[in-house]
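Student: Take a look at the letters that make up each chain.
Protein chains: 2
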Amino acid sequence: MKSTKAQVIEFCLPDLPDAGVRAEAFAPSNIALCKYWGKRDAELNLPVNGSLSISLGSLGTRTEITESDTGTDQVFLNGKAVVQDNPFARKVVAFISLFRRELDQPVCIKTENNIPTAAGLASSASGFAALMLALNDFYHLGLSHDRLSAFARMGSGSASRSIYQGFVEWHKGNRADGMDSFAEPINITWPGFRVGLLKVATGAKKIDSRSGMQRTVDTAALYEQWPKQAEQDLQTIKRALADQDFELLGQTAEHNALSMHATMIASWPPLLYWQPESVAAMQRVWELRSLGVPLYLTMDAGPNLKLLYLAEYEAQVRDAFPELLDIDIVVPFG
Amino acid sequence: MKSTKAQVIEFCLPDLPDAGVRAEAFAPSNIALCKYWGKRDAELNLPVNGSLSISLGSLGTRTEITESDTGTDQVFLNGKAVVQDNPFARKVVAFISLFRRELDQPVCIKTENNIPTAAGLASSASGFAALMLALNDFYHLGLSHDRLSAFARMGSGSASRSIYQGFVEWHKGNRADGMDSFAEPINITWPGFRVGLLKVATGAKKIDSRSGMQRTVDTAALYEQWPKQAEQDLQTIKRALADQDFELLGQTAEHNALSMHATMIASWPPLLYWQPESVAAMQRVWELRSLGVPLYLTMDAGPNLKLLYLAEYEAQVRDAFPELLDIDIVVPFG
Chain A
20 MKSTKAQVIE
30 FCLPDLPDAG
40 VRAEAFAPSN
50 IALCKYWGKR
60 DAELNLPVNG
70 SLSISLGSLG
80 TRTEITESDT
90 GTDQVFLNGK
100 AVVQDNPFAR
110 KVVAFISLFR
120 RELDQPVCIK
130 TENNIPTAAG
140 LASSASGFAA
150 LMLALNDFYH
160 LGLSHDRLSA
170 FARMGSGSAS
180 RSIYQGFVEW
190 HKGNRADGMD
200 SFAEPINITW
210 PGFRVGLLKV
220 ATGAKKIDSR
230 SGMQRTVDTA
240 ALYEQWPKQA
250 EQDLQTIKRA
260 LADQDFELLG
270 QTAEHNALSM
280 HATMIASWPP
290 LLYWQPESVA
300 AMQRVWELRS
310 LGVPLYLTMD
320 AGPNLKLLYL
330 AEYEAQVRDA
340 FPELLDIDIV
350 VPFG
Chain B
20 MKSTKAQVIE
30 FCLPDLPDAG
40 VRAEAFAPSN
50 IALCKYWGKR
60 DAELNLPVNG
70 SLSISLGSLG
80 TRTEITESDT
90 GTDQVFLNGK
100 AVVQDNPFAR
110 KVVAFISLFR
120 RELDQPVCIK
130 TENNIPTAAG
140 LASSASGFAA
150 LMLALNDFYH
160 LGLSHDRLSA
170 FARMGSGSAS
180 RSIYQGFVEW
190 HKGNRADGMD
200 SFAEPINITW
210 PGFRVGLLKV
220 ATGAKKIDSR
230 SGMQRTVDTA
240 ALYEQWPKQA
250 EQDLQTIKRA
260 LADQDFELLG
270 QTAEHNALSM
280 HATMIASWPP
290 LLYWQPESVA
300 AMQRVWELRS
310 LGVPLYLTMD
320 AGPNLKLLYL
330 AEYEAQVRDA
340 FPELLDIDIV
350 VPFG
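Top to bottom, those sequences are chains A and B. Mapping of the first sequence onto our numbering: residues 20 to 353, in sequence order. Mapping of the second sequence onto our numbering: residues 20 to 353, in sequence order.
In isolation and in its complexed conformation, chain A is listed as follows (with noise of 0.2 Å):
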């Protein structure tokens, strides 16, 4: 039987919450290397195949929450007020009140994102993430990282890989309530490791990844063997960073990417998230590549890329692309 996110919250956590006076977390965006595409479960964000991402070190998303003053719950995103009908302050606000319960406190919440507008990222990884972590604090939940994970998870998927720095891997799970489906960070440094970030287009996406991710279940034929795809990428990347074999782990990244688009155009309506500026970029990847640079890329339901390489090629690679913004990656086991 299916469970909604406030039945699973409620037999997690029994006990109603303490009122809070302030609590504040960051938490970083994350870029997947195998990706997250397709549900199990659209409620719980219960993902068909487990996934592995890096996080980005400083880029990602401050927020506090105190209590209001104005006997209403007020949603503050970049220093602006947003309305409370907004579409972000409804989410932030629902997020919220799965927590909150019957308590009856309204909260001021305050949401940074560092993540510069030419990086092209999306925010609600970092977002629900550091939501989470504030609201551990702020309510006294005293949850462990998994379940911090899990519960993050509920507002965004990919917010569940975006608790913790480094090379991340979230376990799909099985089971229905979701609660063995959380991220894990993996005990890997690598030093070399390169991501850059290439904004070839600007404007807002027209659909959104849940909406894309639904079409692609519903109408993609191909769709059917992303999940086996996916779970062999996995363990090859898993592999691969243990080896530090960089170039089997670019492959399949890179594979792993193309692949999740691949399903995206194979939907009806077709899905490309592609500009021409995307196609054109990828060429000069390419082109970069055939002349011996181990340059790889990965995009996720946008037009822009990200660029996996080595410190060592970090010329060649600025030499080629001169507008890359590279990621001071935090890797947290050093």
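Source of the hints: derived by calculation from the structure; they are not laboratory data. What you are looking at is a predicted structure, and each value in this text was computed from that prediction instead of being measured. Zero decoy hints are in this set.
It does not matter which identical chain is meant; a pair holds if it fits inside one copy or across any two.
Keeping only pairs whose Cα atoms sit at most 30 Å apart, straight-line, the calculated DSSO-like set for lysine-lysine is:
#1 Lys-58 <-> Lys-247
#2 Lys-21 <-> Lys-110
#3 Lys-191 <-> Lys-247
Starting from the known structure of chain A, arrange chain B on it as the hints suggest.
Tutor: Then chain B, alone, in the frame of chain A:
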């Protein structure tokens, strides 16, 4: 047990051919609405799925065969002599020799493609179909249409369909020798049906279709569902033709083409025939469709688009795509 082309032909044509004096034949290009992608037998060009195309009227290849007066085989392409070790000349002569067998008669082959370079169309389908039709006449083979189609297929898979004008179905067949894998015309007229060719990029494609197919079959996990989808698309397109349901036809043809490209994109190394201009043109098609014009696209193993629409929307389509080259399709069952 697998057969070679020579074995199949010897079995089907036990008698040696008569030496000829002169023969000439024309065959049209064709554009698949349900694509041929993947072989169950690479030697005989036996497909994993049935396919369906529309032939392009007077756009195609005219081939003349005469006795050679130089004592050696001669090949001319578009009025120019082609040296013997040129890949085109070698393919043509090898194909002729399958039928000439031990007959010691050098021939002169003159091939003229009237496909405008601007159309961005391959000429192997019409080329091998015209050559097969001319060989049948030249050597007095007296072959049935089914046999002509099956033998043309051994030169180039899609040549099986170029034996006919109008809408044509290529049956995948099941026999090991492939003699049940031939095309047949579909007895349907549709005077308002339009095909437009949109050349968006120049330059020879880097990976030929034969190699691209093989790479897809070998490396794309998502390809596993392609044969099943293609068979379903084929049935849907036949139903749409019978009902003259243009939207169903267009949707299925576009979905089929994009799914084929999806299998390529999910290959390793990635196989992307699209150029930035292809994506820009695809978006223009979708934009026009969102404005209510029933316009659909299909694409083959190259960067160019083929547009499908009805005569009543000609003005809107030409307005949006002034560079469109439209095709005067011959539907022979008028």
